[in-house]
Every structure is written in C-alpha cells, then in structure tokens.
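J.: The primary structure of each chain is shown beneath.
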Amino acid sequence: MALVEMTGVEKSFGTNRVLDNISLRVEAGEIIAIIGRSGSGKSTLLRCVNGLEPIQAGRIVVDGTIVNDPKTDLRRLRQKVGIVFQGYNLFPHLSVARNITLAPMVAKGMPEQQALQIAREVLRRVGLEDKLDAYPDELSGGQQQRVAIARSLAMQPALMLFDEITSALDPELTGEVLKVLEDMARSGMTMLLVTHEMGFARRFGSRVVFMHGGRIHEEGPAANTLALPKTRELETFLAAVLH
Amino acid sequence: MIRQFAWIDVMFLVAALRWTLALSAVAFAGGALIGAAVAVLRFSRLAPVRFAGAAYTQLVQGMPLLVWIFGLYFGLAIFGFPVGPWTAASCALSVYASAYLGEIWRGALLAIPRTQWEAGASLGLGQFSQLRYVIVPQALRVATPPTVGFLVQLIKDTSLASTIGFVELTREGQTTTAATFQPFTVYMTVAVLYFLMCFPLTQLSRRLERRLHGAR
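Heads up: the sequence lines are chains A and B, in that order.
Sequential numbering from 1 applies to the first sequence in this note's numbering.
Sequential numbering from 1 applies to the second sequence in this note's numbering.
The shape of chain A in the complex, shown without the other chains (with noise of 0.2 Å):
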C-alpha cells in the first residue's frame, strides 16, 4: 500500500481554484520533487498532505489514515509526518533542546531525559550538536533550518514534507542545508519536497512532479523528466530555472 494516496484532489480559495484533480501516489522511501512556478499550487499540494489545508473534494490517506475525514484525529497523523518550511518557524522563546523536546514530551508524552538523547541525537544528524543551549535568533539561517528539520526528526516521523525549505537561504547556506537533506535521502526517508533545486531533484529525486495552473502537469523519473522534458509547460519552466 502506498504511503501516500492522492484522489481527486480539489482545493480552493474562495473561487480562485488551487488543486485541480490532483491524484499522486508515493510510496514509502520515495523522494518526490515538487516543481513548478509560484502559485502553480505546490505549496497548497504539501500543505494538505498533513491537514494544514482542508480540501474541497477528493480524497487523501497517509499511512492508512483518512486526512480528510473529520473524524482523523490530525494530531495522532502529524506525529508520523515532519513538515518543514521556508521560513523555518522555530520557536523563537524557547533553546533549541527545547525547542526539540517540546513535542515528543507533550504530544507523545516522553520523560525529559529521554527527549533530551534523541534531541543530541539528531541534532548530531544535522552537524548541530553544539547548539543544544542556543536560542533561535543566535543562529544562522542555514543553521535554524537545520534545527527546524532536527526538530521534525525528532518525533521519529515517517514522511517528511519540504515546503522550499531553501529559498530563503544564501547559496552557500543552502548547501549545507542540502547536505543535510541527501543524509535523509540516503538514510531512506520517504520525502515530498517542494524546490526549486534542480540540482538535488535529479540526482536524489525518485520522481518529479510539475505542477502548473493548479493540475500535475507532467510527472515522471526525475532524471528523465528533468532532462527531456515532454510538455511545452515543462520546458520552458525548466529553461527559466536552469537560466
């Protein structure tokens, strides 16, 4: 069974249609790289696959779970799939060990010591180790990045979903951000990122999926796709990015 399955799809908002019969299957271990211009829906896509946006029509299971049935009790699903995104949104009053700790010892009610290890632990997994006393705004962009995929590390998820978790940063700290990424990818993580890194969708990507004007436009082996692109759409996305 898949991890993820997508039917039917349709989001909007207000009139302005968002997700248009969007239908997707990801299977565990998968590393899916979401394209396409601003607005094409991409973002909206991600941000249903954990219930953060409610859905008009369609169907989508996570791991055996209805997301859009109102009786799923959302937070039980979130706690198998780690959301990143852009803006890092880490919590700015609390250290990064807290910042780790909080959700595993409230939400899954695990004793402090405890969180504590797994929180070196991934922290150690993203190069970070030495940060566990830091604050938020005593790191860089790159770093609070890397303490925000930590932070979703931690509760142990079975997906993680990347909303352009790179877009704010600087090349330079985009590598090491990246770099972090490729550990996951290797480590097997099944992962849905929305990017705008070529680059890391065609030599880690499983498939890549275009989207444009709200439907999934052109989907397919992402070496392949990126390189011979079959819609006219595809192309000339691909010819802006890769300038």
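Keep in mind the hints are simulated off the structure, nothing from the lab.
All values reported here derive from a predicted model rather than from experimental measurement.
We put the beta carbon where it would ideally sit given N, CA and C, even for glycine.
Errors might be hidden in some of the hints.
Simulated restraints on C-beta separations [to be verified]:
{"#": "1", "chain 1": "A", "residue 1": "ARG120", "chain 2": "B", "residue 2": "LEU110", "range": "50 to 60 Å"}
{"#": "2", "chain 1": "A", "residue 1": "THR72", "chain 2": "B", "residue 2": "ARG50", "range": "36 to 46 Å"}
{"#": "3", "chain 1": "A", "residue 1": "ALA57", "chain 2": "B", "residue 2": "VAL49", "range": "24 to 34 Å"}
{"#": "4", "chain 1": "A", "residue 1": "GLN117", "chain 2": "B", "residue 2": "LEU196", "range": "52 to 62 Å"}
{"#": "5", "chain 1": "A", "residue 1": "PRO54", "chain 2": "B", "residue 2": "GLY71", "range": "25 to 35 Å"}
{"#": "6", "chain 1": "B", "residue 1": "GLY107", "chain 2": "A", "residue 2": "LYS71", "range": "31 to 41 Å"}
{"#": "7", "chain 1": "B", "residue 1": "ALA54", "chain 2": "A", "residue 2": "THR72", "range": "28 to 38 Å"}
{"#": "8", "chain 1": "A", "residue 1": "ARG75", "chain 2": "B", "residue 2": "LEU110", "range": "22 to 32 Å"}
{"#": "9", "chain 1": "B", "residue 1": "LEU110", "chain 2": "A", "residue 2": "THR72", "range": "25 to 35 Å"}
{"#": "10", "chain 1": "B", "residue 1": "ALA54", "chain 2": "A", "residue 2": "LYS230", "range": "52 to 62 Å"}
{"#": "11", "chain 1": "A", "residue 1": "ASN21", "chain 2": "B", "residue 2": "VAL67", "range": "51 to 61 Å"}
{"#": "12", "chain 1": "A", "residue 1": "PRO221", "chain 2": "B", "residue 2": "GLY107", "range": "47 to 57 Å"}
Based on these hints, arrange chain B on the given structure of chain A.
T.: Frame of chain A, contents of chain B only:
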C-alpha cells in the same frame, strides 16, 4: 466643627489607601480570570462562541464604569438581592477590567504569527498545547506593558467606588475635606498617594519589557 488638616489625617488617608489597593487587587484578579476566558473564547472554532466573546466585550466597553457600579449596587437591591458597596464595587470593576484585559490579551495573541500555530500543529500538538507552550509565552511579552498600563488605569478607576460610599482613598479624602475645609491640601495629598502607587508600576512595566526582551 472645623479642624486643621494634620498628620493624623494623612495617616487616615494612608489607612484608606489599603482599601484602594485591596479593591484594585480583587478587580485585577477577577478581571484577569474573566478576561483570559473571554480572550480564549474569541479564538474558538465555533462562530457563536466567538460572537459571545465579542458581544460581551462590546457591551461592557460601551457602558460607563459608574453605571455598572450603580447598576449593581442600587439595581440588584430592587430585585431583592441587596449587595454591599464592597461586593458591588469589586464585581463592577472586575467586569469592567475583564473587557479591557480580554481585548489586550486577544491582541497579544493575534500578534503572534499564524506560522507559530502551524509549526505547533504540525508537530502534533493539540490546540491547547499550542496555546500553552508556543503562543501564550510569546504573547505574554507583548501583553505585559499594556496590561500594567491598564492596571494603573484600574487603580485610579477604583476612586469611583467612593460614589456608593465605599471608603477607599478618594472617599476618605471627601470625609477629610468635609471636616477640615481644606480641599486643596487634602486632594493634593490624595493625588500624591495615587501617584506613589502608580508610578512604580509604570517603571516596573518598562523594566519587565526590557527583561523579557533580554530573555527572548
């Protein structure tokens, strides 16, 4: 019998000041309790609950405090529930404070970006946990200066309780004036006493603001 304003009168005024402080404390505590509830109501997912919170705030803010005091003191007695000046004044001031504190705190909660709620929700925290661990601690920093500012206002507004014969600082001043016929001296003393209560609070508010910024 007219006598001179003397040290003993200052002592009486200071003694009455205790009741001003007591009334302020009770009104602030009551107002904080109801106000916090009202602020949270206005974030409810249910529209009627949000409306109830907004209606309460508008209703209370749209009426003079003095009318609330009179209404509770004289009004309830007519329906067979006689209440004393202390009860009437502390209830009226609590209700009055709750409408303003509720609004201040609602604003403080609104000042925290929506993305902070989202980050909490995405980690599997429930709405209450999001409020408790993520939103409220940040909102407190935003809310502290206006809250203390309102407390200063509230201390001064307790003087209205004098109108129903509750003996606090202003009422004691009236009594003293009647006995000494030295309104200027008496009310200057009263004013200085109010100032001595309020000034440290505004200073505290500034200090708190700085300290909370320092600690993030």
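J.: Each hint should be assessed against the structure and marked as holding or not.
T.: Here is what the structure says about each hint:
| no. | hint | in the structure |
| --- | --- | --- |
| 1 | A:ARG120 to B:LEU110: 50 to 60 Å | violated, 36 Å |
| 2 | A:THR72 to B:ARG50: 36 to 46 Å | violated, 24 Å |
| 3 | A:ALA57 to B:VAL49: 24 to 34 Å | holds, 28 Å |
| 4 | A:GLN117 to B:LEU196: 52 to 62 Å | holds, 53 Å |
| 5 | A:PRO54 to B:GLY71: 25 to 35 Å | violated, 45 Å |
| 6 | B:GLY107 to A:LYS71: 31 to 41 Å | holds, 35 Å |
| 7 | B:ALA54 to A:THR72: 28 to 38 Å | holds, 30 Å |
| 8 | A:ARG75 to B:LEU110: 22 to 32 Å | holds, 24 Å |
| 9 | B:LEU110 to A:THR72: 25 to 35 Å | holds, 28 Å |
| 10 | B:ALA54 to A:LYS230: 52 to 62 Å | holds, 54 Å |
| 11 | A:ASN21 to B:VAL67: 51 to 61 Å | holds, 60 Å |
| 12 | A:PRO221 to B:GLY107: 47 to 57 Å | holds, 52 Å |
Of the numbered hints listed earlier, those contradicted by the structure are 1, 2 and 5.
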